[in-house]
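We have chain A already, so just place chain B on it with the hints.
For the protein sequence lines, the chains are A and B, in the order given.
Using this note's numbering, the first residue of the first sequence is number 808, and each one after it goes up by one.
Using this note's numbering, the first residue of the second sequence is number 808, and each one after it goes up by one.
Please keep in mind that the hints were generated in silico from the structure rather than gathered at the bench.
Hints may be right or wrong, so weigh each one.
The list treats identical chains as interchangeable, and a pair is accepted whether it falls inside one copy or across any two copies.
[Said to hold, decoys possible] With a straight-line cut-off of 25 Å between C-alpha atoms, the simulated DSS-like cross-links for lysine-lysine are:
#, residue 1, residue 2
1, Lys1213, Lys973
2, Lys925, Lys902
3, Lys896, Lys1116
4, Lys928, Lys896
5, Lys983, Lys1272
6, Lys928, Lys902
7, Lys1272, Lys984
8, Lys1057, Lys1116
9, Lys1213, Lys984
10, Lys1116, Lys902
There are 2 protein chains.
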Amino acid sequence: MLSSSFLVSDSTSLTTLSPHKSKLYSKSSPFLFNPTTIELPNSHFLKPCNISMAHNIISSQGSQLKCSAIGDDLDIHTEKPIFDPHSIKPNLIQKMSYDALVWSSLHGLLVGDRASEKSGKVPGVGLVHAPVSLLPMLFPESNWKQACEVAPIFNELVDRVSLDGKFLQESLSRTKKVDAFTSRLLDIHAKMLDMNKKEEIRLGLHRSDYMLDEQTNLLLQIELNTISSSFPGLSGLVSELHRSLLHQYKQNLELDPARIPENKAVDQFAEALSKAWSEYNNPSAVVMVVVQTEERNMYDQHWLFTLLKERYPFYIRKTLAEIDEQGELLPDGTLVVDGEAVAVVYFRAGYAPTDYPSESEWRARVLMEQSCAVKCPSIAYHLAGTKKIQQELAKPNVLERFLENKDDIAKVRKCFAGLWSLDDLTIVKDAIERPGYYVMKPQREGGGNNIYGDDVKLALQRMEKEGMEEDAAYILMQRIFPTVSPAILMREGISHADHVISELGVYATYLR
Amino acid sequence: MLSSSFLVSDSTSLTTLSPHKSKLYSKSSPFLFNPTTIELPNSHFLKPCNISMAHNIISSQGSQLKCSAIGDDLDIHTEKPIFDPHSIKPNLIQKMSYDALVWSSLHGLLVGDRASEKSGKVPGVGLVHAPVSLLPMLFPESNWKQACEVAPIFNELVDRVSLDGKFLQESLSRTKKVDAFTSRLLDIHAKMLDMNKKEEIRLGLHRSDYMLDEQTNLLLQIELNTISSSFPGLSGLVSELHRSLLHQYKQNLELDPARIPENKAVDQFAEALSKAWSEYNNPSAVVMVVVQTEERNMYDQHWLFTLLKERYPFYIRKTLAEIDEQGELLPDGTLVVDGEAVAVVYFRAGYAPTDYPSESEWRARVLMEQSCAVKCPSIAYHLAGTKKIQQELAKPNVLERFLENKDDIAKVRKCFAGLWSLDDLTIVKDAIERPGYYVMKPQREGGGNNIYGDDVKLALQRMEKEGMEEDAAYILMQRIFPTVSPAILMREGISHADHVISELGVYATYLR
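For reference, chain A alone in the conformation it holds in the complex:
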């Protein structure tokens, strides 16, 4: 899931804006933008909730489209920011960049280099530092606290939605007709409903991504990842890198390293996985990680596996094809792969259509789903994280079906951007007239497939004309215009000044 994004602290600068279009913003009550973990007491949780910031994944195509909209459509402030990394002298930037590159190399803040053919297949070869922002971004503390507070409520919401099979099937019924991938997932889900399959132990390793809308000052959810939430490992390292630089250069920078919140996402993920394993209660069973055949973001995963091994030494890595080949289901529901009983299945693959090149991979997914192994996620959790469900939950009176507490409902609703299905003709009309204020999002995961700007208009007009049901593959979302900030970005050993917008990603674990 690593795309061409930059890691900004544990989170990521998503979009690189062309400098001539960019503007600087001021921000009250600044907070150093960085990963964190806070523990929230919640009687529904087996373990304290782990919350921290995340990366984001937006392709360069998305970036450029976003860029063209900013500056054209928006009335933006032009005050100086409180901390402007572009004002740092080149000599100091050079020193800090060098130190950041060394730190990343020595501390495993690495990814596989695209230029190296083997780098996604074998560890230890073709390594390059992860693309990062040299310094943390400022972020308002109040919004950060808000994102942390709502995380356990979103966890609970996902769990409740996952239990309502009818809601999932009905909400996605139109999508099913036009999106082959979602259709296959729904078929598996329907099969489990027919079998009356229950998930006794439910494990969620989620990451909820937000943007802070500049004009309304609202923290709005971009998406909630319920499968293969990436960067729990590297994001914590970026925080450490920033803390190290701020400490080392404290005489040059007026940034307090203590203002960077701690990010223990990777520890909490490891703890949740090992606790799920304990709950399964078979000491000889293993944790199985479902991986892609090639993975350049493997070191993010290996940080998690390393911590997992410290708690519980047996884990195996298998591709979907290997699981189909080596897996079997015992009469008692035990999943056995390559001779090992599996207690927990952790997906770091299987979220995108490309992960299922043949029927073999789908057979593997069904096999796992039928078993009594803990699935992270189950098919129902996976579906609960789709954009269509996000949009359905944003409809009036839908949240109330799943949550009782009015405060909780209000907190969740406050994070919802405008979300509409394409059968809402008033909204489609408005989107054709003012396409800059909307984003068209397909069901597909993995980023980079969103439609922005005039392309929204063209796509909607084409769908209207053709009268096809293709519209059900998309949702419309209010276009969010986050703060544009100056940053120093580092990629392939080179630092350059640029302007970025950032997402805040909050990791949360749930075991029930």
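Frame of chain A, contents of chain B only:
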């Protein structure tokens, strides 16, 4: 100084032998061969002596020549070794190799990849795991203790020799005529003698390399590095890697991770450098590291610099050319480079003729030598580590000029292999008759230039015929035949079974 050698624990398997020629050996009182630090009380030392094992550098050419000799000339045992890594099942080797590659990536056991053009210039790009032996090598504990015991005596010897300018000049007088590089070093040394230049604070960061002769069971010194002793950083990591693997696979391997001695070479090097800085007693002065323009072994250095920064935050890296350009000498002897007063000069370059492509680099060396900065090493320390001096010290009654204690003298002498100059006609005659029992070593540093086997005969015959003084550029050394051991070697992400011979390198620091 990183060549194509494999790192075996902190030490290195030097030579890869072709399997058909190799033999396995048995070894009594085995000890896991790995880096270590032991502290030896010695009133002459400001700090406890740091001792640990090291890498070695032998080019593949040297390896092949060595290989051809072993098996041809030697009566070797063929008993099974106590631990044979070749007997480990392929499936387990594959798992352990994968884990070793991941561990190396996450923990900074890295080098720059030769395949990447930028990997020696910029940190963070073109990274690859360091070539290592998958498992530690067995090594007799008694010989390991012997090497540790003699380390402070060698330190003392280097210091005493460095103070005898006449001995250095006379011993190297013939070498001077034929070796341009040594000649330039001697000129600088002579200039310092003329100036009556004294080094008040003397810092040595040494590594003494040994091989264990299979037939005599003697631990014999290969060379004593007094300049740019490499791998203090990575060697400790290899120990940690091996400890981690032995711990993780304790049910599969009967090797006790506690038998791997600790290697704190990098900490001790950092401590010695920071203590030398303290002794210099100028709080605003810096430690300056003299580096090559390109260095693929930069991460070994960066581990040291990282620890140095924790103790004392200001260090600068400069090439010899930069020092020539930016350096000046104040009237009081203070060395100022790029506006910074320099307390300690630490050489990680300047040991090979290729480090001095123009007069600029030589000017820099002279400038530093004239200053009152602590030099690690001073020109006298540098010369004291030459092979010619090693050979001179091996002559009868020479050690007695520098050391008083008879036990110390006996311990040092016990480590000397047969060493002769090429004006010893009896030895030259024997070497022509039995070239397999000798090695011809040039003054030049950096490994890979030694002459083995029939080439010894040819070189000696040519020199006899031509009657040139070229012979003074070489010494003759007894050929040592160390134990050949089975090993699993890892390079570029691939593991393969092979047979190796190993050197034991012992790091030692000295501050006076």
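Right, here's what the structure says about each hint:
In the homo-oligomer, the alpha carbons of Lys1213 and Lys973 lie at most 25 Å apart inside one protomer (24 Å), although the nearest pairing across protomers, at 92 Å, exceeds that limit. Taking the shortest Cα distances, Lys925 and Lys902 sit within 25 Å of each other only across copies (18 Å), while inside one copy they are farther apart (31 Å). When the C-alpha separation of Lys896 and Lys1116 is checked against a cutoff of 25 Å, the pair qualifies only between copies, where the shortest distance is 22 Å, while the shortest distance within a copy is 44 Å. In this assembly of identical chains, Lys928 and Lys896 lie within 25 Å of each other by CA distance solely across copies; the values are 22 Å between and 40 Å within a copy.
When the C-alpha separation of Lys983 and Lys1272 is checked against a cutoff of 25 Å, the pair qualifies only within one copy, where the shortest distance is 21 Å, while the shortest distance between copies is 90 Å. For the identical chains of this complex, Lys928 and Lys902 are inter-copy neighbours only, at 14 Å across copies versus 33 Å inside a copy, given an alpha-carbon limit of 25 Å. In the homo-oligomer, the alpha carbons of Lys1272 and Lys984 lie at most 25 Å apart inside one protomer (19 Å), although the nearest pairing across protomers, at 92 Å, exceeds that limit. When the C-alpha separation of Lys1057 and Lys1116 is checked against a cutoff of 25 Å, the pair qualifies only between copies, where the shortest distance is 14 Å, while the shortest distance within a copy is 36 Å.
For the homomeric pair Lys1213 and Lys984, neither the shortest alpha-carbon distance inside one copy (35 Å) nor that between copies (93 Å) is at most 25 Å. In this homomeric assembly, Lys1116 and Lys902 come within 25 Å of each other (Cα to Cα) only across copies, at 14 Å, whereas the closest approach inside a single copy is 37 Å.
The structure fails hint 9 only (numbered hints given earlier).
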